[in-house]
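Novice: Please build the complete structure, drawing on both the sequences and the hints.
Chain order of the listed sequences is E and L. Going by the UniProt record's numbering, the letters in the first sequence line up with residues 1 to 598, in that order. Going by the UniProt record's numbering, the letters in the second sequence line up with residues 1 to 598, in that order.
Note that these hints are calculated values from the structure, not bench results. There's no promise every hint is true.
What follows is a set of in silico ranges between Cβ atoms, one per label pair, in the way DEER data are often shown [unchecked claim]: (1) E/462 with L/512: 20 to 30 Å; (2) E/104 with L/391: 40 to 50 Å; (3) L/464 with E/513: 24 to 34 Å; (4) L/81 with E/583: 51 to 61 Å; (5) L/181 with E/91: 12 to 22 Å; (6) E/406 with L/78: 57 to 67 Å; (7) E/529 with L/427: 55 to 65 Å; (8) L/464 with E/528: 33 to 43 Å.
Glycine included, each C-beta is placed from N, C-alpha and C at the ideal position.
Number of protein chains: 2
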Amino acid sequence: MRMSQMLLMTLRETPAEAEIPSHQLLLRAGYIRRIGSGLYAYLPMMWRVLNKVSQIIREEMDAAGAQECLLPQLQPSELWEESGRWETYTKAEGIMFSLIDRQERRLGLGPTHEEVITAIARDSIRSYRQLPQNLYQIQTKFRDEIRPRFGLMRGREFIMKDAYSFNADPESLKETYAAMSQAYENILRRCGLHFTAVEADSGAIGGSASQEFMVLAEAGEDEVLYTEDGKYAANVEKAVSLPTEAQPSPFSKYEKRETPNTATIATLCDFLSCDATTVVKNVLYEAVYDNGKQVLVLVSIRGDQDVNDVKLTNILSGMAGNYGAQALIGLNVPDADAQQKWATKPLPLGYIAPDLGDDYIQGGKGVEPKFLRLVDETAVNLQNFVTGSNENGYHVVGANWGEQFTLPETVVDVREAQAGDRATHDSQQILQSARGIEVGHIFQLGTKYSEAMGATYTSEQGQEVPLYMGCYGIGVSRLAQATVEQSYDKNGIIWPSAIAPYQVIITVPNVTDQQQSQVAETLYQDLLAAGIEVLLDDRDERAGVKFKDADLIGIPYRIVTGRSLANGNVEVIKRANLSSQEMPISDVVTTIRDWLQN
Amino acid sequence: MRMSQMLLMTLRETPAEAEIPSHQLLLRAGYIRRIGSGLYAYLPMMWRVLNKVSQIIREEMDAAGAQECLLPQLQPSELWEESGRWETYTKAEGIMFSLIDRQERRLGLGPTHEEVITAIARDSIRSYRQLPQNLYQIQTKFRDEIRPRFGLMRGREFIMKDAYSFNADPESLKETYAAMSQAYENILRRCGLHFTAVEADSGAIGGSASQEFMVLAEAGEDEVLYTEDGKYAANVEKAVSLPTEAQPSPFSKYEKRETPNTATIATLCDFLSCDATTVVKNVLYEAVYDNGKQVLVLVSIRGDQDVNDVKLTNILSGMAGNYGAQALIGLNVPDADAQQKWATKPLPLGYIAPDLGDDYIQGGKGVEPKFLRLVDETAVNLQNFVTGSNENGYHVVGANWGEQFTLPETVVDVREAQAGDRATHDSQQILQSARGIEVGHIFQLGTKYSEAMGATYTSEQGQEVPLYMGCYGIGVSRLAQATVEQSYDKNGIIWPSAIAPYQVIITVPNVTDQQQSQVAETLYQDLLAAGIEVLLDDRDERAGVKFKDADLIGIPYRIVTGRSLANGNVEVIKRANLSSQEMPISDVVTTIRDWLQN
Numbered sequence: 001m002r003m004s005q006m007l008l009m010t011l012r013e014t015p016a017e018a019e020i021p022s023h024q025l026l027l028r029a030g031y032i033r034r035i036g037s038g039l040y041a042y043l044p045m046m047w048r049v050l051n052k053v054s055q056i057i058r059e060e061m062d063a064a065g066a067q068e069c070l071l072p073q074l075q076p077s078e079l080w081e082e083s084g085r086w087e088t089y090t091k092a093e094g095i096m097f098s099l100i101d102r103q104e105r106r107l108g109l110g111p112t113h114e115e116v117i118t119a120i121a122r123d124s125i126r127s128y129r130q131l132p133q134n135l136y137q138i139q140t141k142f143r144d145e146i147r148p149r150f151g152l153m154r155g156r157e158f159i160m161k162d163a164y165s166f167n168a169d170p171e172s173l174k175e176t177y178a179a180m181s182q183a184y185e186n187i188l189r190r191c192g193l194h195f196t197a198v199e200a201d202s203g204a205i206g207g208s209a210s211q212e213f214m215v216l217a218e219a220g221e222d223e224v225l226y227t228e229d230g231k232y233a234a235n236v237e238k239a240v241s242l243p244t245e246a247q248p249s250p251f252s253k254y255e256k257r258e259t260p261n262t263a264t265i266a267t268l269c270d271f272l273s274c275d276a277t278t279v280v281k282n283v284l285y286e287a288v289y290d291n292g293k294q295v296l297v298l299v300s301i302r303g304d305q306d307v308n309d310v311k312l313t314n315i316l317s318g319m320a321g322n323y324g325a326q327a328l329i330g331l332n333v334p335d336a337d338a339q340q341k342w343a344t345k346p347l348p349l350g351y352i353a354p355d356l357g358d359d360y361i362q363g364g365k366g367v368e369p370k371f372l373r374l375v376d377e378t379a380v381n382l383q384n385f386v387t388g389s390n391e392n393g394y395h396v397v398g399a400n401w402g403e404q405f406t407l408p409e410t411v412v413d414v415r416e417a418q419a420g421d422r423a424t425h426d427s428q429q430i431l432q433s434a435r436g437i438e439v440g441h442i443f444q445l446g447t448k449y450s451e452a453m454g455a456t457y458t459s460e461q462g463q464e465v466p467l468y469m470g471c472y473g474i475g476v477s478r479l480a481q482a483t484v485e486q487s488y489d490k491n492g493i494i495w496p497s498a499i500a501p502y503q504v505i506i507t508v509p510n511v512t513d514q515q516q517s518q519v520a521e522t523l524y525q526d527l528l529a530a531g532i533e534v535l536l537d538d539r540d541e542r543a544g545v546k547f548k549d550a551d552l553i554g555i556p557y558r559i560v561t562g563r564s565l566a567n568g569n570v571e572v573i574k575r576a577n578l579s580s581q582e583m584p585i586s587d588v589v590t591t592i593r594d595w596l597q598n
Numbered sequence: 001m002r003m004s005q006m007l008l009m010t011l012r013e014t015p016a017e018a019e020i021p022s023h024q025l026l027l028r029a030g031y032i033r034r035i036g037s038g039l040y041a042y043l044p045m046m047w048r049v050l051n052k053v054s055q056i057i058r059e060e061m062d063a064a065g066a067q068e069c070l071l072p073q074l075q076p077s078e079l080w081e082e083s084g085r086w087e088t089y090t091k092a093e094g095i096m097f098s099l100i101d102r103q104e105r106r107l108g109l110g111p112t113h114e115e116v117i118t119a120i121a122r123d124s125i126r127s128y129r130q131l132p133q134n135l136y137q138i139q140t141k142f143r144d145e146i147r148p149r150f151g152l153m154r155g156r157e158f159i160m161k162d163a164y165s166f167n168a169d170p171e172s173l174k175e176t177y178a179a180m181s182q183a184y185e186n187i188l189r190r191c192g193l194h195f196t197a198v199e200a201d202s203g204a205i206g207g208s209a210s211q212e213f214m215v216l217a218e219a220g221e222d223e224v225l226y227t228e229d230g231k232y233a234a235n236v237e238k239a240v241s242l243p244t245e246a247q248p249s250p251f252s253k254y255e256k257r258e259t260p261n262t263a264t265i266a267t268l269c270d271f272l273s274c275d276a277t278t279v280v281k282n283v284l285y286e287a288v289y290d291n292g293k294q295v296l297v298l299v300s301i302r303g304d305q306d307v308n309d310v311k312l313t314n315i316l317s318g319m320a321g322n323y324g325a326q327a328l329i330g331l332n333v334p335d336a337d338a339q340q341k342w343a344t345k346p347l348p349l350g351y352i353a354p355d356l357g358d359d360y361i362q363g364g365k366g367v368e369p370k371f372l373r374l375v376d377e378t379a380v381n382l383q384n385f386v387t388g389s390n391e392n393g394y395h396v397v398g399a400n401w402g403e404q405f406t407l408p409e410t411v412v413d414v415r416e417a418q419a420g421d422r423a424t425h426d427s428q429q430i431l432q433s434a435r436g437i438e439v440g441h442i443f444q445l446g447t448k449y450s451e452a453m454g455a456t457y458t459s460e461q462g463q464e465v466p467l468y469m470g471c472y473g474i475g476v477s478r479l480a481q482a483t484v485e486q487s488y489d490k491n492g493i494i495w496p497s498a499i500a501p502y503q504v505i506i507t508v509p510n511v512t513d514q515q516q517s518q519v520a521e522t523l524y525q526d527l528l529a530a531g532i533e534v535l536l537d538d539r540d541e542r543a544g545v546k547f548k549d550a551d552l553i554g555i556p557y558r559i560v561t562g563r564s565l566a567n568g569n570v571e572v573i574k575r576a577n578l579s580s581q582e583m584p585i586s587d588v589v590t591t592i593r594d595w596l597q598n
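Specialist: Below is the structure:
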């Protein structure tokens, strides 16, 4: 491509809208342009990068036996009502854009395609002889993000590869899942990324097991906990660990103490000269279900620990049936309004005991009082502990379960693992923390969707059995930006050859110099003929501008037809380390072809 | 691909939902599946067809110097308000799906991308030295159709290639437009289609000139008028012609006649024994503008002619400024309700005169009376004509403009050309009619969008000049189905080789016969090695089922490893004419490669 004919505008200034380097660089180098909040145009060079990523994905998916298709982006609400996710996706989490068509029917804009593909499998798969199947698509998807940001990292419209497998049984599902895990590793490696696979929470997608593929980078929105021995890595949302040992309590006698201004654990421990591990912390939540039922939830946990909201959400989702509901659609921390709703007198926040008296949970404003107590494993075995008294400015010390307080019936694991905890697989290993960008996520869904939507097959024994399903996603546009986040310097982007928009750029320092232009033109034609993708910077611009642009857009190899022509040479610069060498013109094509092949 | 591993389900019965052959066949052969009204999943074989069509388009667009990109599907309403199209697209025609996001901002789902691309050009194009530019994308688009039907022909979600050119002046625009016209002819020819390019109306897109590419087929929704000499072809919406000559009026004296039960032209002419060309027909419309203004429009036209709604819409759109509005958002034929709204007594429909008395247009129900008279060219020169009297059951005869009726000030061309009319370029040529499927449409937009949105460039003379724009669309998914509509027989689809999902299918009549399977497997590997796309029907099904499926899905060449193996031969069948020949196994690969190359 001749740059004089290409739509390209580079910026010298960093756009104010961009916070992280990859976003800034993609904007400055003219790869993307913002059209609205979380909405970006992929300009011609970006489109080439995305196509290369897609092509690598396609090759690995095809090699793993998957078949490409394309499903609709507009999805009838009826399908999502069958799976029970319409409310969760459009109301609670609200991440699905929805609209009403001219026939007054509701449609969603697909953030994911479990419902659509399950409807197709229900119609198309009849017999065990057709299994397994694995269908994938590379498609624009939509999420009405609360806070779109970081360019393509968290956009409202983005490109994803999503695949869905249909298997006869859990063993077959595990095989496909393993094959997909391997395909993902191949894809990320071929794209030139440093990444790690981690255990992950399955979230609203559901299912039993899931794994995320994290590109490690400071700008990552996710926290990863891992051990040095390489045997454990998990998203903090999912991570498990051994808590530190609890200290013995300094209190042996139960009594109520005046503890003014001790609404936080730190101030309390300081005031009472006790360790946080001797405290039972009691945290209130408000759970909202899809049938309108609301539940006040009190979680008791050891004072040095925090509640992991994702784990708590999963637990409360699993309890939906207890309240006659299908799904949890909200989990809030009660505020002043909520207090009025639940309690007839102000809740003693910061001083709450492991149980609430009736006077706090009589329900105001017509809310039927539903109250649920949970206790985290870390708080179960504490003795002579410190905890709240349900009275502002007072705590109790030397308390015990079974004496002053009943142990809640439901013991759960809701604590958040943290860096410094001991690993569960080997208590000598200490969890380390890193930031990651989630570019892939694979799930063993099991029969969640097939059962809800009646997608069954006839087994070899003649029985109707629900299909076992897996789903496998890669964020194509996010992956492309994550690559930049891992590979840039102060001058601009450094694309890995495999996904660079062009492999070579030929810079003509002075287009009015006939020799410079002629050599460049000849090399341009020769490189094209050798199947190498080349940009020819034939713009009538100053040499300095062209060099800056070349560094900014990050093409792996730059050829300069400048002063060295006097010796029959051109200058060849490797973008990765800006190393430069002179080379006879006649060697250029073979040398670059060799470099690209290695 | 081994069919035993492919997701495929063919149907023996014609699905009730499908009206036209191509839709029936794509469903029956398992290419597509309906997910909702106007929403289809493209299953693996369909996706291969669509990719081939896209690839041909890509090659021809690239060869014509266009650059591929991808623009957002979600579009902020602000951009459409800048161009003045938000109301028209979401309210009047209502073809754009729109939604409200969680920030309460309005977004549209792109049916077209003039606004987005103009916003990008406004930011990226500064100088004449950057021109011309031509950007294209291949993308899923959306239309909230009133009546989605015919499968992929008129879906609510479909794949389009759209390109937008930016030129320095009208001459440069014409060059790009001509290059695109040529590219479109190349694309359609390479896809194996019979088509014709026709003059077309530009509709809501706007601009001065436009051309549609019509695939000729009975099921086409468009009517094309053309002449045998090949010099004229136009969509009936746009077509011009010479009307037949008017007959002399049999009436020489003006008088009112009782004409009971003559509300139609046919009954009137029969009753009065006069020719329809001697009658002035008066037709009422109700125009609605985007500022709420409503106008009662009376069109006088020669009795044998019909009003072309598209032409009338264009005329009334052009008059929006007269009513302080930006756009026409509706054109209705007044019904009983409308009569109450406009008139204080019932309108004498079927007997309306070329003017309405004040008593008919005083405005009811608070509508401010706006009344507009238009006369078509065909009615201007009539003398002693027959027309309505504004009294039920009565007409007048022997009337003349300037005597009993004032000629309306605005003379227009709103008549619909029809088969049998004489052509304007040569009155010896008579217009013929054919049905067409519109698969492409190219427009010279001029400065409509660039002026509205302030997209200018600095000319060589240093002046800020609005960019001249063109836009160029091809319906990718529609084209694929149109191909089937042109190429099928009673047994199924007959794909042209260039866009067939696979080029060859190897049918093993009996998979338990080891020789049959072995020969098939060897041929399968050899054909793959030769770069030929092959399906291997290794399913454990009866031979008859396999032969029926092969014909139905329409792969160009079928190889059968059956009885002829006894002579060292296989049977090779051409799908197009079902001709069959035996061939030595060793000749198969070279023969098929030769066939495919020709």
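Novice: Which numbered hints are broken by the structure, listed smallest first?
Specialist: 5
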